[in-house]
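**Student:** Here's the letter readout for the chains.
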Amino acid sequence: MDSPASQPDEPQQPVAGSPSDFLKNIVGKKVKVRIGSGIDYHGLLTCLDGYMNVALEDTEEWANGRLTAKYGDTFLRGNNVLYISALEDL
Amino acid sequence: MEDAVNATISEPLDIVKLSLGERVFMKMRGDRTITGTLHAYDAHMNVVLSNVEESIHIVDVNEDGIPQAPRVERRSLEMLFVRGDGVILLSPTQ
Amino acid sequence: MLIFSFFKTLTDQVITVELKNDLCITGTLKSVDQFLNIRLDGIRVEDPERHPHMLAVKNVFIRGSVVRYVRMAARAVDTTLLEDATRREAHNTGK
Numbered sequence: 001m002d003s004p005a006s007q008p009d010e011p012q013q014p015v016a017g018s019p020s021d022f023l024k025n026i027v028g029k030k031v032k033v034r035i036g037s038g039i040d041y042h043g044l045l046t047c048l049d050g051y052m053n054v055a056l057e058d059t060e061e062w063a064n065g066r067l068t069a070k071y072g073d074t075f076l077r078g079n080n081v082l083y084i085s086a087l088e089d090l
Numbered sequence: 001m002e003d004a005v006n007a008t009i010s011e012p013l014d015i016v017k018l019s020l021g022e023r024v025f026m027k028m029r030g031d032r033t034i035t036g037t038l039h040a041y042d043a044h045m046n047v048v049l050s051n052v053e054e055s056i057h058i059v060d061v062n063e064d065g066i067p068q069a070p071r072v073e074r075r076s077l078e079m080l081f082v083r084g085d086g087v088i089l090l091s092p093t094q
Numbered sequence: 001m002l003i004f005s006f007f008k009t010l011t012d013q014v015i016t017v018e019l020k021n022d023l024c025i026t027g028t029l030k031s032v033d034q035f036l037n038i039r040l041d042g043i044r045v046e047d048p049e050r051h052p053h054m055l056a057v058k059n060v061f062i063r064g065s066v067v068r069y070v071r072m073a074a075r076a077v078d079t080t081l082l083e084d085a086t087r088r089e090a091h092n093t094g095k
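Note that the protein sequences, when read in sequence, are chains A, B and C. Under full-length UniProt numbering, the first residue of the first sequence is numbered 1, with each subsequent residue one higher. Under full-length UniProt numbering, the first residue of the second sequence is numbered 1, with each subsequent residue one higher. Under full-length UniProt numbering, the first residue of the third sequence is numbered 1, with each subsequent residue one higher.
Among these hints, one or two may not hold up.
[To be verified] Examples of chain B residues lying across from chain A (beta carbon under 7 angstroms, computed): (1) 11; (2) 15; (3) 91.
[What the hints assert, rightly or not] Some chain B residues well away from chain C (every beta-carbon gap over 12 angstroms; in silico): (4) 66; (5) 69; (6) 72; (7) 74.
Quick caveat, the hints were computed from the structure, so don't treat them as lab data. For glycine and all other residues, C-beta sits at the position ideal for the given N, C-alpha and C.
All chains, full assembly: derive it from the sequences and hints.
**Tutor:** Structure (structure tokens):
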């Protein structure tokens, strides 16, 4: 899964890159995780794994535009994850 | 302080590992939430909990198809195995 | 493997299996396999009026994937032992 040897001349850009580069770059950043039911979780991304299980810190649960809950550390089971997006610059 | 937390969490399941023997909150598929004391888990998020409080969040629809005010059905269970495929999130309760 | 072993310690105990279609079946746990498929003996259904087709059934094989919960008596479980076994398994599988 590392960068293939056939593309040695590709410019090193901090933002563009493979999906796994993106995931590496957003660890420690504030992110939004959307799950299948349409609920969003905002928090500091502690880490994630190959199943897309996600650990968040200082988590806010947002459902149809309203803050519905707050948690400290949160484990999100990967199969529910639709997407993860960065809420701050990378 | 933040470093102390991050030092022990190197993969998401570490949050679950650190919650062993502690009270946890779980959000499940089907509008259910559970709190209980965590005694076992595996990589699928199958878990075993004791002193469990389950809440089912229900929105009834009347004859005219109008959704009524949401209501909550609660029950207590002394020991419960929860199959992992229904789990959405787990968080240790403060 | 840990949860499989946990269920093996519950053999011959009375448990209630709650399925994802809300059907609740109480019976004696006869066996379990690695998929957490479950065999129950001497069964009774929680709400027989709603599930009359289950009245004639004395024992069942339940596919693991249709299970939502399994409820059991607290005295059937040694929680200290379970937590130790869980820590050991997490230690061995995590690198």
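**Student:** Could you run down the list of hints and mark each one as holding or not?
**Tutor:** Cross-check of the supplied hints:
The interface hint given for residue 11 (chain B) is met, as the beta carbon of that residue sits about 5 angstroms from the closest beta carbon of chain A, less than 7 angstroms. A distance limit of 7 angstroms between C-beta atoms decides the matter here; for residue 15 (chain B) the minimum to chain A is near 4 angstroms, and the interface restraint holds. With a cut of 7 angstroms, the hint placing residue 91 (chain B) at the interface with chain A holds, because the nearest CB-to-CB distance is about 4 angstroms. With a least beta-carbon separation of about 24 angstroms from chain C, residue 66 (chain B) lies farther than 12 angstroms from that chain, consistent with its non-interface assignment.
With a closest Cβ-Cβ approach of about 22 angstroms to chain C, residue 69 (chain B) is found to remain outside the 12 angstroms limit, as its non-interface label requires. Against the 12 angstroms criterion, residue 72 (chain B) stays outside the reach of chain C, whose nearest CB is about 17 angstroms from its own CB. Once the 12 angstroms rule is applied to beta carbons, residue 74 (chain B) is consistent with being away from chain C; the minimum gap is 15 angstroms.
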